[in-house]
Amino acid sequence: MDESKPSAQTAEVVPTKVAAPSPSDKLARLNAPTIIDINNVDFYYGASKALHGINFPIKNKLVTAFIGPSGCGKSTLLRCLNRMNDLVEGTRIGAGSIKISGVDIYDPSVDVIELRKRVGMVFQKSNPFPKSIYENVVYGLRLQGINSKSRLDETVERSLRGAALWEEVRDRLHTSALGLSGGQQQRLCIARAIAVEPEIILMDEPCSALDPIATVKVEELIHQLKQDYTIVIVTHNMQQAGRCSDITAFFYMGRLIEIDATEKIFTNPTQKQTEDYISGRFG
Amino acid sequence: MTTRAHPFRRQATVAALKETIVFWLLRAFTYVILGFGAIIFSIIIYKGSPAVFGSIRFDGAFPFIHNDFLFTKPQTLHIFRYKGELKQMSAAQYYAFTGEGTPETAPAAATPEQPLAPAVHATTEVVTPSPARATNAASALLAPATPTPPAETPAPSAAQPKIDPNDITEHETYSYAAGGIWPQIVGTVLLVIGSMTIALILGIFSAVYLSEYSKQGPLISAIRLAIVNLAGVPSIVFGLFGVGIFVIGMGWNISLLAGWFTLAFMVLPVIITASEESLRAVPRGFREGSLALGATKWQTIFSNVLPYALPGILTSSVLGIARVAGETAPILFTAAYATSDKLPWELSITPNRMHSGFLGYVEYPFLWIHDFALHGVSALPYHIYVVSSKIPQNEYTERVQYGTAFVFLAVVMAIALSSVLLRIRLRNRLKW
Amino acid sequence: MSPSPQIKRIDQRPLREAISTRGRSLVPWLTKDELIKYFFGANAWMSIVVLGLIMLSLYSESIGFNPSRGFFGENYRNLLVYRQAGLEFVDILKKETSGIDGLGKYLADVRLKELLRLIAQGKRDGKPADQALTDANNALTPFDDYVNRLSTLGDPLNVIISPLGDAATATRDAVTDVEHKKQEKELYLRSNKKELADQVTYQEVDLDAAVKPLHDALPSIQDANVKLAAGLALFLTQPPPALDETMKAELAGFNEQVRGLMAVLPTYENELETWNPHLPLPWYKGVTDFFFNTNWLTASSWQNYYGILPLLAGSTLISIVALVIAVPLGVGAGVYINQIATPWEQHIIKPAIEFISAIPSVVLGFFGVAVLGQFLLQLSQWGILPHFSSRLNIITAGILLAFMAVPTIFTLTEDAINNVPRSFKEASYALGANRLQTIWRIILPASLSGVISAVLLGFGRVIGETMVVLLCAGNSIQIPPMSDGLMVLFQPVHTMTGIIAQELGEAERGGIEWHALFMVGLFLFVISLGINFLAQRVVKRFKISIG
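Residue numbers (the numbering used here), protein chains in the order written: chain A, 1 to 283; chain B, 1 to 432; chain C, 1 to 547.
No lab work stands behind these hints: they were computed from the structure. Nothing here was measured: the structure is a model prediction, and the numbers come from that model. Hints should not be assumed to be uniformly reliable.
To be verified - Stretch by stretch, here's where chain C covers chain A in the computed footprint (C-beta under 8 angstroms, at least three residues): (1) 95-105; (2) 108-118.
Stated by the list, open to error - Not everything, but these chain A residues come out facing chain C in the computed CB check (under 10 angstroms): (3) 35; (4) 199; (5) 200.
Built from N, CA and C at the ideal position, the CB exists for glycine as well.
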């Protein structure tokens, strides 16, 4: 099962189909061009192999969900996509390559900093900095040396609106971000991520620490964001994957078991393991 | 079933008795420690505070409140009988009184000048503050029975003695027992500032490396091992190290500079450990969040890690200050002079250029830095050592002994207390 | 609410181009971030560099990179000169006279006891004090005569020793002088100052000629020894005049001592006859002498010794006293605060004890000099403590050092106990154990290695402490007489740290004493490393055992 092939025929790039896809038009969307191409990736934590020959493409401006039981490697793979795993000692890509827009991101010539500017990330535990809401949002811009007030103000409003947080915090932009509720903090982190205008947003179980109402808000947000961004989301919650993703990849024990259109995975999986997991027989 | 007979009633067992006894014993141990500490504090405060608070004096001259114990230089105490009457005088008073003295001292004593002014004095053995100050310094310790010489002692003429030397009998002198401890305070402050600056810079940078950059490996384990072992090296060995490397190796001789580096290296492990702990206390999410936004490592550390770790680093480093201020052994042979009749900024600048070990030739405009840094200082801990071991213990020397100990203890304890309080505040404030 | 469809990126380059261009830097082969990293790394290396420099400076100033110029080499020469110049020969002779002095001391002790008895007797008989003293002294006159006669036995020997000693020291001084000049010359030659080197002239000391008087004195020494033996034999036949039975009993050991002295006389004589200044000194003597010589003697007109034993003994005894006091207090307080105390006590006492740890050692030392020593002496005068004479002694220093070690031991013990998993404690309570049983059977064993390492680090702090021992240990270089039992604790001693602090300031830079003091420092350094190492090992084992 090392090389499970996506059953949907998605390998062909059809660039003309990109313009304004509507959420209902699922089939059309599945034919979107590939933006991230994961090629036979092996990944190691020290001596132990965490990912075995992962091989599939991620489509532009679609929501791809990674599901699977704990420890199946889905978060690891996600963190490979913006090289956050570089920060963990003793990790390495053993074989294969990950290409974003055709560039191998593990190539020595790649600037990790630029990569991370273009591939944003939202973490499992919301991690706003102990600064004001405003400063949290503009942090990424300030890093790039942008200090013009009008530019920053504009970005803050646009990002917070984008993260559906503007109405709630517009009157207290300069109070501490730590005073927000859990759901608001997570949406602030999303706002912070989109403030630097990435092309891809990686979300690592963004709702696992949130209550149901906050979860709904974040999911709605994901729906809006996918008009502009490619989103990869790792989730434990199968309903969530079903609700907000276009494509779902199921991982088990460090291997990709199955990847397909979300509806197909949830209604008619080809693999027995996928079916067992989705029907709640394990995991 | 009555309440008394139920199976869970409290019974007087041997085990319970043993428990009570042992607990009381342990409690006694704890309070013995505290009691001993309290005794030390109260004796030193009781006997030492009069020297400080007794010499507070108000007068019209700026800055209106004067303290002759804290802000004048030490002097030799002269005890003698003049026509059968017991007198206690500081060296300056004594020479004013007898009219003796070297040509240098007499005019100096005669012209009232601010002893603290950064003036360049001629080299003299005897420290000579203005007569008014000196008089009051002594008056603080004079027994009620001994009359105080009037503050308006007329300026003596240098040439002829005013009194018959034969009238003076039973003349005894005690070094350092009169005057104050100003040079010692200055020296301690200078040592602390200099060495803490060096230690903080080196320590924080090392800690940043260890906590943010380093990866597990033999080199890092070697660094950590070195830090742990450095922390256990006795302070006197640091003193020897300072002698070997700075005093002799670098040719700095006994100097402020040698003291700074010796103390800085001594306190380095404390600073590194404390800083690393504070850096590690900054949540991982701060770093990841910043990096995921495309910040470079340095941007992340500088804008999103260090600012949150800095209060913790500084708080823990205050304990390092207490250690630097409190240690004597490392400065014995590297920085401390028993008698330094000049404050570091009063050192004379004679030649235009001079050769100085590693620095090569030093030209005139920088000579004062050279004199400042390459000259030893007095320090409070060293002064305590000197006055408690080199001069006898009696009623006359008690003032300077307990007074210095009191001032020193107060300074170090204030530093330690502020560390404890800061830590409590920090713990309450920083929660993420 | 809907986000703007058109996103204007700051960086207009396409993704592909943006990520495949590396940032520029000052140095072509390093990124800016790497530069910063290496800058920080260099600082971290400082601690290794410092540790290395400490070792380097200690080593180069003690053993030295040229060992023959370092301490061991110099000590070897020191001992060699001692032999070559004949000081060794004279010391053998001195042993004989000190044997006679020993006899005199024995008798003087007996006399003192008898005198006190007689005075007490006289007072009981109603005599005034001074009358009693005079009478007692009168009664002892025959005994005094006897003692005086005995002491004259050594006179012939002393007459011989005195000039021989002068000759030997003169030879030694000449040899060391030549040694110095050789060094000076070598130094000039090495720095290419040939003219100056030529000005340094010296003449090798003819050792054979120098020790000739010693050999020549042998016949007269043998003669004196014969006289001495005869004299001693005579004293054997005339026991010292005892005034009463008690005194007689006390004098019983006298004959034994005289016989003992007579028995060793031939041995000494033999040693003198076979003494040979050319006998080679084993190469390791310079080293072993440092570790096993029981004397540390500097600035002596006769012979300097650099043996660490008395200093080690002092340091060890003080540390033992300190630990015996500090371990129960520190561990007890740690257990109390962590397990028994009320939260209120915890909040107050923990910072208070940390606060105590900040008291500077020199203040504690001053407290010992000014208050504690005097207080202990007062206790002794009131009969609460046994009689002793020096207020600065092992126990004064030990108490203060214990006070210094308590916070260290307390804090680390408390930490160790804190690290014991809560579940252990809860499981024990659930089985019906009371608090003491839980502490004694579960918590202490589980935290034992932490406590042990706390004690070790406390020991490290105590043995490395300088100012307290310098001020309060009494600074008398001796191995205190262990035969006194616990009274040994009231002896003044000197310590390794104290000797460095006291003598380094006066030692000639680069001289043998200087090297010896750095050698002591090196020894201390090695001890502290050893303690650290042990403590870490203990803690490591602890971590494994908890899982």
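Each hint tested on the structure:
1. Chain C is given as covering the stretch 95-105 of chain A, and this holds because 5 residues of the stretch bring a CB closer than 8 angstroms to a CB of that chain, at least three being needed.
2. Taking a C-beta to C-beta cut-off of 8 angstroms, the stretch 108-118 of chain A contributes 8 residues in contact with chain C, enough for the three needed, and the coverage statement holds.
3. Checking residue 35 of chain A against chain C by beta carbon gives a least distance of about 8 angstroms; that is within 10 angstroms, so the hint holds.
4. Residue-level restraint check for residue 199 of chain A holds (minimum Cβ-Cβ distance to chain C is 6 angstroms; threshold 10 angstroms).
5. Annotation: residue 200 of chain A was flagged as interfacial toward chain C, and the flag holds, the nearest CB pair being 9 angstroms apart, inside 10 angstroms.
Checked against the numbered hints given earlier, this structure breaks none of them.
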